[in-house]
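Chain order of the listed sequences is P and G. Taking the working numbering, I'd label the letters of the first sequence as residues 1 to 106. Taking the working numbering, I'd label the letters of the second sequence as residues 1001 to 1258.
Hints in this document: simulated from the structure, not taken from any laboratory. Keep in mind the model is a prediction, meaning the values are calculated, not measured. Built from N, CA and C at the ideal position, the CB exists for glycine as well. Incorrect hints may appear among the rest.
[Said to hold, decoys possible] Covered, in the sense of this in silico footprint (three residues per stretch, anywhere, with C-beta under 8 Å from a C-beta of chain P), are these stretches of chain G:
1. 1076 to 1090
2. 1093 to 1101
3. 1186 to 1197
4. 1218 to 1225
The primary structure of each chain is shown beneath.
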Amino acid sequence: MCTGIVENTRVSGSGKGPRGWFLLDQASVSYDHPDHAQAERAVIIDLLSETAGPESRIAVELTPQSARNLVRAILASISRGEAMDRDQERESSVIDHPVFSRTKSS
Amino acid sequence: MQKYRTDMYEGMIAETITVPGHDRTVLNAYFARPLGSGPFPAVVLIHHAPGWDEWYRETTRKFAHHGYIAISPNIYQQFGHGTPEDIAAKVRAMGGVPDDDVVGDMRGSLDYLKSLPQSNDKAGIFGTCSGGRQAFLVACRTKGFDAAVDCWGGRVVMSQQELTPKYPVAPIDYTKDLSCPLLGLFGEEDQSPSPQQVAQHEQELKKYGKTYEFHTYPKAGHGFFYYDRSGYRQEQAVDGWNKVWAFFENYLETSDKR
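Looking at chain P on its own, in the form it has when it is part of the complex (with noise of 0.2 Å):
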């Protein structure tokens, strides 16, 4: 609130908290002084479900250079990991065809 520095973006997914699993809906990213964490500044994060109310959120605040290492490790594991959806659609319609070349021949 000091920077008013604040990014907010509609998610899709689940969080759990203290009182287990929600749904969420949105995240806030801000770039302001932390409550908890040893920096002056930290990049903080709270992925919240507007709907549950303001006790459903997952806070977490991250030194900017530790937040970077995340977003690089998010976006590192999303591409990775539609690296293989990709080889498996390709494995699959690859397994697939003879398959359909049977039925369409029997």
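Given the coordinates of chain P, assemble chain G onto it according to the supplied hints.
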């Protein structure tokens, strides 16, 4: 400045009450006052960005301990109820509290305090972090406060790009309207406000001939009073509190003492 002695009686009442806020809203407020008929000076506390939390309740009682009628209204009330941290996160995501609302909330608390039979009719305003910024803003936009304390309030100086419908005017642009003496406490290592922004604010105060005291502490950053956070700096905090007591004693206390 501790005026009490080991052989004197001390008591206080501290509780949650409701007070008028902006636009006929009703706010929860933490209230503390010394026992006795007074008259006592009053202080309105504007809580910081981390919310209407334990530190502000403690600080409200600290003011009562030092002989002030003190009140800390919940300026985040329009965002609902929950733990202070969760509500603060919600306010952060929503871009903060509109300045106009805060000014209205403080007027409500000021009027309430001055209506009390224990009041000496003097009142100060105190805030830290975003509350420091708002303390200065309120002191510019409201008549009736006799002294204001801004502790490390960021965004008193704002660029055009930072202005929003909630924050339509940079507080520094209201400096000519400042209605009471101002005490500012800052950390040299803080970047919000930065030392350059503090200097810019000081120039504006000088330009309009305002009564003010600014103190910038070396080896301190943001929030150096907060004993529960990593930015706490014991030596600077003790000195800063002494400056707060001396400042308020100078401008709020009458000859009619306890």
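Against the structure, the hints come out as follows:
no.: 1; hint: 1076 to 1090; verdict: holds (count 10)
no.: 2; hint: 1093 to 1101; verdict: holds (count 3)
no.: 3; hint: 1186 to 1197; verdict: holds (count 4)
no.: 4; hint: 1218 to 1225; verdict: holds (count 3)
Checked against the numbered hints given earlier, this structure breaks none of them.
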